[in-house]
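Chemist: Residue-level listing of the chains:
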Amino acid sequence: MIDAKAVELIHREIDGVITPSERELLDRHLEQDSHLHMLHRQLIQASDLIEDITPIEPSPRLKQNVMAAIDFNKMGLKSSNKNLFSIPGQWFSFPRKRIAYAFALGMIVSAFIATVLLYNYDQNRDLDPSKLSATIGLTGSKNFRIIESQKLKLPEAEGVIFLKRSDQFISLELNLFTGNDVEIVLNSVHESLPLHHFEPLDNKNIVFERHLNSATILAGEGNMKAILYYTHPTVKSVSLTLNLIRSGELLFTHTFLVNSENN
Amino acid sequence: MIEYDDNELVKRCLSGNESAFETLFDRYQKTIYNVVYHMVHNLDEAEEITQRVFVKVYNSLGRFNPKFKFFSWMYKIAVNESLNDLKQKKQFDLITEDFVSQDKRPDEIYEKTEAKEKIEYALMRIHKDYRALIILKHINGCSYDEIAEILDIPEKKVKSRLFTARNLLKETLADMGMIEND
Numbered sequence: 002m003i004d005a006k007a008v009e010l011i012h013r014e015i016d017g018v019i020t021p022s023e024r025e026l027l028d029r030h031l032e033q034d035s036h037l038h039m040l041h042r043q044l045i046q047a048s049d050l051i052e053d054i055t056p057i058e059p060s061p062r063l064k065q066n067v068m069a070a071i072d073f074n075k076m077g078l079k080s081s082n083k084n085l086f087s088i089p090g091q092w093f094s095f096p097r098k099r100i101a102y103a104f105a106l107g108m109i110v111s112a113f114i115a116t117v118l119l120y121n122y123d124q125n126r127d128l129d130p131s132k133l134s135a136t137i138g139l140t141g142s143k144n145f146r147i148i149e150s151q152k153l154k155l156p157e158a159e160g161v162i163f164l165k166r167s168d169q170f171i172s173l174e175l176n177l178f179t180g181n182d183v184e185i186v187l188n189s190v191h192e193s194l195p196l197h198h199f200e201p202l203d204n205k206n207i208v209f210e211r212h213l214n215s216a217t218i219l220a221g222e223g224n225m226k227a228i229l230y231y232t233h234p235t236v237k238s239v240s241l242t243l244n245l246i247r248s249g250e251l252l253f254t255h256t257f258l259v260n261s262e263n264n
Numbered sequence: 002m003i004e005y006d007d008n009e010l011v012k013r014c015l016s017g018n019e020s021a022f023e024t025l026f027d028r029y030q031k032t033i034y035n036v037v038y039h040m041v042h043n044l045d046e047a048e049e050i051t052q053r054v055f056v057k058v059y060n061s062l063g064r065f066n067p068k069f070k071f072f073s074w075m076y077k078i079a080v081n082e083s084l085n086d087l088k089q090k091k092q093f094d095l096i097t098e099d100f101v102s103q104d105k106r107p108d109e110i111y112e113k114t115e116a117k118e119k120i121e122y123a124l125m126r127i128h129k130d131y132r133a134l135i136i137l138k139h140i141n142g143c144s145y146d147e148i149a150e151i152l153d154i155p156e157k158k159v160k161s162r163l164f165t166a167r168n169l170l171k172e173t174l175a176d177m178g179m180i181e182n183d
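Taken in order, these protein sequences are the chains called W and B.
Number 148 in this note's numbering belongs to position 147 of the first sequence; there are no gaps in the numbering.
Number 108 in this note's numbering belongs to position 107 of the second sequence; there are no gaps in the numbering.
Next comes chain W alone, as it looks inside the complex (with noise of 0.2 Å):
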């Protein structure tokens, strides 16, 4: 029976790595076993042998055909797919999310351009109204500051008169109740003061009828709010002038002074 501390020894040595000591104690062993000595011989002989194989070269083509059937460009791809301009079309290499890509893609795009319109419209709102040469635009304006405010209380007519400005433009807002058919004539010198507008903002019962230097409105019964606009465009004092009559008689005057100082 052979040793297995002993056979242990022979394969130490063969890997190389018996120390001194464990030298002289296979020495002894293999002196006093001649089976385990025959072993031995064996052992060595086949290791001697198995390690004298030469390596073989392998074919110039071998580096050919590998180089050939790796797809390089799939591995640069993975790689330049790191960068931060390619995520959104890795993102979008997922089949299924590709809906939902676009559709946020969608909203993030309609969200854009809604706030670059909405932008640019208040941006109008606050546009310098003497560019504005039509009639909008003015109604409600929060430029337009009170100049003057004139209440009325007449059995006839009661309400609030508004003398307002904003830069260049004049408007005269009229909030009035009117009991019976009456008439309202706002006098001004055309050329100092000349009528841009006028807005009727509850027209049931009104009837405007513009003039050179004049404006006339013709009120029903009831509730009337109206504004007219005019242009101030010079430095100049000017007046304004407003009358209200029924059935011919002058029922309430009052003239309002429009200069630079209430610019």
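No wet-lab data here; the hints were simulated from the structure.
The model shown is predicted, which means the values in this text are computed figures rather than measured ones.
Check the hints yourself; a few may be wrong.
Covered stretches of chain W, going by a simulated chain B footprint (3 or more residues, C-beta under 8 Å) [said to hold, decoys possible]:
no. : segment
1   : 5 to 15
2   : 42 to 51
3   : 55 to 68
Taking lysine-lysine and the DSS-like style, the derived pairs with C-alpha atoms no more than 27 Å apart in a straight line are [what the hints assert, rightly or not]:
no. : chain 1 : residue 1 : chain 2 : residue 2
4   : B       : Lys31     : W       : Lys64
5   : B       : Lys117    : W       : Lys64
6   : B       : Lys160    : W       : Lys64
7   : B       : Lys157    : W       : Lys6
8   : B       : Lys158    : W       : Lys64
9   : B       : Lys160    : W       : Lys6
10  : B       : Lys158    : W       : Lys6
11  : B       : Lys12     : W       : Lys64
12  : B       : Lys90     : B       : Lys70
Derived, one-sided and incomplete: chain B residues facing chain W with beta-carbon distance under 8 Å [unchecked claim]:
no. : residue
13  : Tyr34
14  : Gln52
15  : Phe55
16  : Tyr59
17  : Leu87
18  : Lys117
19  : Ile120
20  : Arg167
21  : Asp176
22  : Met177
23  : Glu181
24  : Asp183
For each residue, glycine too, the CB sits at the ideal point set by N, CA and C.
Here the structure of chain W is known, so what remains is to put chain B in place on it, guided by the hints.
Modeler: The following block gives chain B in isolation, referenced to the frame of chain W:
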């Protein structure tokens, strides 16, 4: 010219550097080819399997864990590919046609073959799992822990299996008259 280590070359491969992989190939093609050749003992098959090994290595580079040795990882792929190939072809420790001719006695063949081929023949006669151990230890000079990593078995098992493998090889070589017989 700067010589990069394996891990650095792997990194470069992963960033799309083709020449880095070429360097790795040049560094290991001979070793891998020889491992595979000694496993299958057929030049054409060895070339085909080696090609598969390198393609697999390249495609799996992203999964390589740098805490392990690159060559161990590559050997593992090479050994597994060889074993799978042998399994598929049912070459369970059979002598290939190259070695055996039906009308000649084995001893007659051996006389005509060189010593090297006889040893390779002996190697082919032992079980493929033991053959892999002999190849890794004696032809490629791997350590026990490296073999354990390559074959994915504990180091103790590597040691005991290698003892068995050596005994099997010794017996085969003795039967063939390559070494002393009892």
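Chemist: Hint by hint, say whether it matches the structure.
Modeler: Comparing the hints with the structure gives:
By the rule of at least three residues with a Cβ nearer than 8 Å to a Cβ of chain B, the coverage given for the segment 5 to 15 of chain W holds, with 4 such residues. Counting residues of the segment 42 to 51 of chain W whose CB lies closer than 8 Å to any CB of chain B gives 8, so the stated coverage by that chain holds, three being the minimum. With 12 residues having a beta carbon nearer than 8 Å to a beta carbon of chain B, the segment 55 to 68 of chain W meets the requirement of three or more and the stated coverage holds. For the hint linking Lys31(B) to Lys64(W), the alpha-carbon distance of about 10 Å falls within 27 Å, and the restraint holds.
Taking the CA atoms of Lys117(B) and Lys64(W), the gap is near 26 Å; set against the 27 Å cutoff, the hint holds. For the given pair, Lys160(B) sits about 35 Å from Lys64(W) by alpha-carbon distance, which is inconsistent with the 27 Å threshold. With a CA separation close to 15 Å, the supplied pair Lys157(B) and Lys6(W) stays within the 27 Å bound. For a cut-off of 27 Å, the pair hint linking Lys158(B) to Lys64(W) is broken: about 36 Å separates their Cα positions.
Restraint check for Lys160(B) and Lys6(W): the C-alpha separation of about 14 Å stays at or below 27 Å, so the hint holds. The straight-line distance between the Cα atoms of Lys158(B) and Lys6(W) is roughly 17 Å, inside the 27 Å bound, and the hint therefore holds. Between Lys12(B) and Lys64(W) the alpha-carbon distance is near 21 Å, which keeps this suggested pair within the 27 Å criterion. Taken as a hint, the Lys90(B) and Lys70(B) pair is broken in the structure, with Cα atoms around 30 Å apart against an allowance of 27 Å.
Checking Tyr34(B) against chain W: minimum C-beta separation of about 4 Å stays under 8 Å; hint holds. Look at Gln52(B): its Cβ gets to within about 5 Å of chain W, closer than 8 Å, so that hint holds up. Taken as an interface hint, Phe55(B) checks out: its beta carbon lies about 5 Å from the nearest beta carbon of chain W, inside 8 Å. At about 5 Å, the closest approach between the beta carbon of Tyr59(B) and any beta carbon in chain W falls short of 8 Å, and the interface hint on this residue holds.
Using the Cβ-Cβ criterion of 8 Å, the hint placing Leu87(B) at the interface with chain W is not satisfied: the shortest such distance is roughly 18 Å. Restraint check, Lys117(B) versus chain W: the minimum CB separation of about 6 Å is within 8 Å; hint holds. Interface hint status for Ile120(B): upheld, as the beta-carbon distance to the closest one in chain W is roughly 5 Å, under 8 Å. Interface restraint check: Arg167(B) against chain W, minimum CB-CB distance 6 Å, threshold 8 Å, status holds.
Contact between Asp176(B) and chain W, as hinted, is not supported at the beta carbon level, the nearest pair being about 11 Å apart and thus beyond 8 Å. Because the smallest distance between the Cβ of Met177(B) and any Cβ of chain W comes to about 10 Å, over 8 Å, the interface hint for this residue is violated. Below 8 Å, beta-carbon pairs count as interface contacts, and Glu181(B) has one with chain W at about 6 Å; its hint therefore holds. The restraint placing Asp183(B) at the interface with chain W holds, with a minimum CB-CB distance near 6 Å, inside the 8 Å limit.
This entry does not satisfy hints 6, 8, 12, 17, 21 and 22, going by the numbered hints stated previously.
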